[in-house]
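J.: Using the sequences and the hints given, assemble the complete structure.
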Amino acid sequence: MSERTIVTEYLARVEGEGGMRVRIDGDRVADVQLQIYEPPRFFEAFLRGRRFTEAPDITARICGICPVAYQMSSVAAMERICGVEVGGQLRALRRLLYCGEWIESHALHVFMLHAPDFLGYESAIELAQHDAALVARALELKKTGNRVMTVVGGREVHPINVRVGGWYRTPTKRELRELRDPLQRALEESLAAVRLTAGFDFPDYDRDYELVALREPGEYPIDAGRIVSSEGIDIDVSEYEQWFEEEHVPWSNALHSHVIGRGSYLCGPLARFALSFDRLSPVAREAAAEAGLTAAERNPFRSIVVRCVELVEACHEALRLIDAYEEPDAPAVEVEPRAGVGHGCTEAPRGILWHRYAIDGDGTILEAKIVPPTSQNQRAIEEDLRGVVERSLQVPDDRLALLCEQTIRNYDPCISCATHFLKLEVERS
Amino acid sequence: MTKPTLAVWKFASCDGCQLSLLDCEDELLAVAGEVEIAYFLEARRATAEGPYDVSLVEGSVTTEHDAARIREVREQSKTLITIGACATAGGIQALKNYGDLDAFTAAVYASPQYISSLATSTPISAHVPVDYELRGCPISKRQLLEVLTAFLHGRKPTIPSTSVCTECKARGTVCVTVAKGIPCLGPVTHAGCGGLCPAYTRGCFGCFGPMESPNAAALEARLKTLGSDDAAIERLFRTFNVAAFDEVRAK
Chain A
691 MSERTIVTEY LARVEGEGGM RVRIDGDRVA DVQLQIYEPP RFFEAFLRGR
741 RFTEAPDITA RICGICPVAY QMSSVAAMER ICGVEVGGQL RALRRLLYCG
791 EWIESHALHV FMLHAPDFLG YESAIELAQH DAALVARALE LKKTGNRVMT
841 VVGGREVHPI NVRVGGWYRT PTKRELRELR DPLQRALEES LAAVRLTAGF
891 DFPDYDRDYE LVALREPGEY PIDAGRIVSS EGIDIDVSEY EQWFEEEHVP
941 WSNALHSHVI GRGSYLCGPL ARFALSFDRL SPVAREAAAE AGLTAAERNP
991 FRSIVVRCVE LVEACHEALR LIDAYEEPDA PAVEVEPRAG VGHGCTEAPR
1041 GILWHRYAID GDGTILEAKI VPPTSQNQRA IEEDLRGVVE RSLQVPDDRL
1091 ALLCEQTIRN YDPCISCATH FLKLEVERS
Chain B
1387 MTKPTLAVWK FASCDGCQLS LLDCEDELLA VAGEVEIAYF LEARRATAEG
1437 PYDVSLVEGS VTTEHDAARI REVREQSKTL ITIGACATAG GIQALKNYGD
1487 LDAFTAAVYA SPQYISSLAT STPISAHVPV DYELRGCPIS KRQLLEVLTA
1537 FLHGRKPTIP STSVCTECKA RGTVCVTVAK GIPCLGPVTH AGCGGLCPAY
1587 TRGCFGCFGP MESPNAAALE ARLKTLGSDD AAIERLFRTF NVAAFDEVRA
1637 K
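Here the protein sequences line up with chains A and B, keeping their order. So for the first sequence, the working numbering puts the first residue at 691; every next one is plus one. So for the second sequence, the working numbering puts the first residue at 1387; every next one is plus one.
Treat each hint with caution, since some may be false.
Stated by the list, open to error - One-sided excerpt, in silico: chain B residues whose CB lies under 10 Å from chain A: (1) 1401; (2) 1415; (3) 1448; (4) 1593.
Since the hints were derived computationally from the structure, they do not count as laboratory data. Using N, Cα and C, we set each Cβ at its ideal position, and we do this for glycine too.
T.: This is the structure in structure tokens:
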């Protein structure tokens, strides 16, 4: 076989930039690397010495796509250390803000970044030239998520209203009521999105992943829960490091995670959906059933449909929270610092985001550790690339490159959380 | 007439400022109709060769490779506009300029020998000439549209260079420092957010960096009378625009 090299210079339509290299030796995939060159930004280092109350605003800057996830995991950890419970409407508002981020982020990924692969366009910009109405409706859906974030959090990127203990100002009932109509329309739009994406043509591929997500009683996991897996893990978030570890590989500036003694795992929509199918609202569950999805779904390409089911869930949940809202007496509970170590884990749109902090009795941060979902998924992404390429060796190089990119996009990788500057190379010898 | 070309570039950053362009949901398709989006990896796979009429640059320079890359971007761009605190001031990662890089790397990575990074995070203007700097962490999408529109029509952008205080007055927000004694960077911070934090009963924490000719010394004295100690004042100034605030405070 003559030697062939395929180069796609940069992987597009992911959040941030990074690279991938697949080496094919005859009919064998010799090596797969998801290369992550994101210049390190050293957040864990400069969190040291800051006040515990600064963590939500500082860690939000790790990612402009999912700042709420960083804010929520950090406040959860700090409140645990200080022995404070933020419940009732203060917690409900956090969940509502998080629903806004899920809607914004999922709508962005489904329509702007991922759907063009299935519809045969290079971008949503090109898609808009053929179906402007579809793109306009998708933008409207995304905008509704941003509106929720603006009303509850102050602004859509790096909200300013979240603090350890609660909020700076809680919204009025009237402010939230004004979100009802757009959310109702967004719910309808999300149901349409489930139907649309369910009709896409999916590569025939599935794998027996270890799925990892939060799970909690009575609710779809967003802002809290125990860490569970399809292989029987069921732990408090503080026990994470006894089960999972990170390693540093030379081709990535993001640390690789794995289950100790087992290997790769997958977090994100597919994992949440499989592990908390019974926690979905009836409307989301019916939409999933109509789309032919069950808790046994393991085709990563169908994660786009699952993301749409989660759009339905987030819109429905936001409406429920708004209808049940009563203005709290105080915007926050008092939090006095106390020395200790604490953990927070919440469901970022693309999977679990785990934080650990140590603070002293004055509230100074002594140590911080942050494990974003994309670094947890790196190994699973590489294994999928290997699996997809092995099944598609007869596919011509340019189409194979596209298929590889699509495989990476299944994970909605947030490369700003984990990467920068992705180079796609397929080498054949 | 051919449409002007727009390119969007990312350096060390969180992606939030280029996301602000995609967050212009009501205007995005109109923008895409007015310009040819020639290079914007977050949004499209197709890329067109330069030169570009307008380049938007997000992020700071933290590696040798990026220091070379920004020079190439400059050569390819008729107009270069930096967007956000990372690109205009080095961002929060500029905190490493004051620390020991080896200690920082060891704090995060188990195998620091794999990590290649400059000792500093510097703004784009430290490397190449910049035609316009749009501030904010994140930028205001309203200001982004104004700057884009202005450059595409060959006029000067109308972006106020006053402080956040003027925005609170315009918004009718009661001053949180005067009324509640809350420490606030509003008097020295560049306008652009719309006076957001004080409207949420919170002091400004400087997302937009220093305004033109700020009187930082006077504010620091005021913060002390409110009970802030030196360490608290340092923390307040030293976040997303640490390098820019340090510069004006040293004057």
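J.: Now look at each hint and say whether the structure bears it out.
T.: How the hints compare with the structure:
Proximity of residue 1401 (chain B) to chain A holds as hinted, the smallest CB-CB distance being about 4 Å (cut-off 10 Å). The closest approach between the C-beta of residue 1415 (chain B) and any C-beta of chain A is roughly 6 Å, which is under the 10 Å cut-off, so the hint is satisfied. Annotation: interface hint on residue 1448 (chain B) holds; nearest CB of chain A at approximately 4 Å, less than 10 Å. At its closest, the beta carbon of residue 1593 (chain B) sits 7 Å from a beta carbon of chain A; the interface hint therefore holds under the 10 Å criterion.
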